[in-house]
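Undergrad: Residue-level listing of the chains:
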Amino acid sequence: MDASALVISIVLYMLSAAGYLAYLLLQKNALQRAGFFLLLAGWVCHTVSILLEVARQGHIPVSNLHETLSFAGWAIAGVFIVLHYRYGLKILGVVAAPFVALIMVIVSLLPDEPAQTTAIFKSFWLVSHVTVIFIGEAAFALACGAGILYLTQENAIKTKRRRFFFKRLPSLDLLDSTGYACIVVGFTMLTLGLITGLVFAKSVWGRFWSWDPKEVWSGISWLFYAALLHERLTVGWRGRRSAIMAIVGFGVLVFTFLGVNFLMEGHHAVFTK
Amino acid sequence: MREIVLIGINHKTAPVELRECIAFSEDEAVTATAALRGRPHIHESLLYSTCNRVELLLVTDDKPAAVADAKAFIADFNKIPVAQFESALYIHANDDAVRHLFRVAASLDSMIVGEPQILGQIKEAYRRAAEAKTAGVILNRLLHRAFFIAKRIRTETGIGDRAVSISYAAVELTRKIFGSLDGKRVLLIGAGEMAELAVEHLLRHPVAETFVANRTFETGLALARRFNGQAIRFEEIPEHIKRVDIIISSTGAPGFVITREDVKSIIRARRNRPIFFIDIAVPRDIDPEINRLDNAYVYDIDDLKGAIEENIEDRQKEAIKGERIVDEATVRFREWHDSLDVVPTIVGLRKKLETIAEAEIKRTVHGNGMSPEDAQALTRMMAAFINKMLHDPTVFLKREGMHGDKALYIDTVRKLFKLDE
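Protein chains in written order, with my numbering: chain A, 1 to 273; chain B, 1 to 421.
It is possible that part of the hints are untrue.
Distance condition first, Cα-Cα at most 25 Å in a straight line; then the derived SDA-like pairs of lysine to any residue [said to hold, decoys possible]: (1) K242(B) x Y180(A); (2) K160(A) x E310(B); (3) K418(B) x K317(B); (4) K317(B) x L21(A); (5) K158(A) x F178(B); (6) K167(A) x T152(A); (7) K28(A) x G179(B).
Restraint-style ranges between C-beta atoms, simulated for each label pair [what the hints assert, rightly or not]: (8) A30(A) x L293(B): 35 to 43 Å; (9) F37(A) x S180(B): 42 to 50 Å; (10) F166(A) x E17(B): 58 to 66 Å; (11) K305(B) x L233(A): 49 to 57 Å; (12) K305(B) x A41(A): 26 to 34 Å; (13) F166(A) x D95(B): 35 to 43 Å.
Computed, partial: chain B to chain A, Cβ under 8 Å [what the hints assert, rightly or not]: (14) K176; (15) G179; (16) R260; (17) N291; (18) N295; (19) Y297; (20) G306; (21) A307; (22) M382.
To be clear, the hints were calculated from the coordinates, so they are not data collected in a lab. A virtual CB, placed ideally from N, CA and C, is assigned to each residue, including glycine.
Please take these sequences and the hints and turn them into a complete structure.
TA: Below you can see the structure in the form of structure tokens.
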């Protein structure tokens, strides 16, 4: 039942990605609209599938890599939809939709082994910790996407060779401020996520910080983005450097999310293997 | 049957030296339009003259005579022998003339496809013709169609979409960098004519402030006044680069006016805000190395030209769609023009009356329960009535040597009885 909702959502995401890529090539506005509505439909199905999972397991489904990745994909699609409505930044879908589709394809390939249900999943702090962290990561993912678009467009302007995307991409200013907005949202969420995580750790293990690799790398990510924001606010770091940093920062984040689990041990490992 | 004839030369058939000799200035065009009215074979006429073309549109009963007349007119007016320009002339009649006019008005025949000025020039010529009363039923209709088609092509295809002048290319690029021009500060270095041309479109958008720096302060002051800007001294340039977003330079200086070091040292003071240099001077004023700095963009005149060339190619593709619209409109116009003949008008008139009579007879017969004999009598009566009714108009329209403009009467009849629907 819930598996079918997930499969439908994956198919819709893939169609949406195809629509957006076709839009980039053919520049028919209808394609972009189709892409967005497919993504929206996919997201609704995805939400249903997650809600069904919550009903079945009785807690938020983040107990293995299959579920956490799916949750991450859901968050990215959700944040993109909000951005789309708030700022009308259509072109970001060209990055967001394929990215979500890719994540979901990986999700479908991963085994969904039922994890041991423990009481800790029902904690308020855990639910808020996970939700907030994922929304933050989704915002960072989109900042990375905006950064990629920025670099593409900046390169076209600097080298004076306009390629087929020149007309499609919005102005550098808009891409830059979108990336910045995404980072501000992401950073706020990451901060909240870390705080709730600390509180949760205290309630379960009796201490706020236990030098778990995931904790350490989350801290590194946080410091990285803090530095980026600081530079922006003080000396007005923007444009190319800011875009590169958004991409690198997202790399650090992905490592925190996946790399740490596979390469290092720690108490987060169980959720993401 | 009256024919539409178009005689002209343009940039494809004649070099500029010849076009110059034949071109009509604004005042000359007025005199010429008036002079054309008296010619016996020319019933309607319209003349337009731009830097790329001179064309004369005529409505005539006798094409060879009218063409000869027109050539003589051009030769007399410009005081050059016919032989000198005859080989460069093209002469189109009817469908070809109509198609040609539609293409010219829609800017499909222009040197730069899609340039918008030509339509205004033809409108102006039509206004002159209307004032001099040289445009009659056919040209009125033809020109109105031409304006309509031109507008339709502009909105339905992309021939006018992309920047094809340096000035527009600069605006397009500025938009790609800054998004909107609102609140941006512009600095003009050098107050030459090139600078004015280049910023014409840029300054038509609301920018926050315009500064003009010129070696001779007074010249700068005059230009600044025109743009509602502020004149600054040449020495103040480094101070102002800190504040402005767009710099347009066009001085005659032999070396760079702004060097990489100048910009590098103020990046921090600008808090990394993007800065866009448009360098239209030859030799260049802006060090091209500045383009390598973060958030600084430099375009020189060749870069802008390169951007335009791509856009021109795009326009040419769009023009193909425009040609299709023109073909369609030409056929439609011919249908209307053909209907201006006497015979189809009388046939149409009769058909209209018969249709009305038939419907009314049917209703009367039905409503009063008349016998078939009575109905037949009624039909005969109606037929006789229609014949008598149409007698005078038919004689009038067919009469040889009808006074004035025949097309005008036919057109009036068609309008009066709504025969074109």
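Undergrad: Are the hints correct? Go through all of them and say.
TA: We went through each hint and held it up to the structure:
1. K242(B) x Y180(A): 23 Å, holds
2. K160(A) x E310(B): 12 Å, holds
3. K418(B) x K317(B): The hint is violated at about 40 Å.
4. K317(B) x L21(A): 23 Å, holds
5. K158(A) x F178(B): Between K158(A) and F178(B) the Cα gap is close to 14 Å, so the pair holds against 25 Å.
6. K167(A) x T152(A): It holds: about 12 Å lies between the C-alpha atoms, which stays within 25 Å.
7. K28(A) x G179(B): 22 Å, holds
8. A30(A) x L293(B): 35 to 43 Å: For A30(A) and L293(B) the Cβ distance comes to about 41 Å; the hint holds.
9. F37(A) x S180(B): 42 to 50 Å: 29 Å, violated
10. F166(A) x E17(B): 58 to 66 Å: 40 Å, violated
11. K305(B) x L233(A): 49 to 57 Å: For K305(B) and L233(A) the Cβ distance comes to about 40 Å; the hint is violated.
12. K305(B) x A41(A): 26 to 34 Å: The hint (26 to 34 Å, Cβ to Cβ) is violated, given that K305(B) and A41(A) are roughly 47 Å apart.
13. F166(A) x D95(B): 35 to 43 Å: Given range 35 to 43 Å: holds, Cβ gap about 41 Å.
14. K176: 5 Å, holds
15. G179: Check passed: Cβ of G179(B) comes within 4 Å of chain A, closer than 8 Å.
16. R260: Violated, about 15 Å.
17. N291: At about 6 Å, which falls below the 8 Å cut-off, the nearest Cβ of chain A leaves the hint on N291(B) intact, so it holds.
18. N295: 4 Å, holds
19. Y297: Holds: closest Cβ of chain A sits about 6 Å from Y297(B), inside 8 Å.
20. G306: 6 Å, holds
21. A307: With Cβ-Cβ at 7 Å, under 8 Å, it holds.
22. M382: 57 Å, violated
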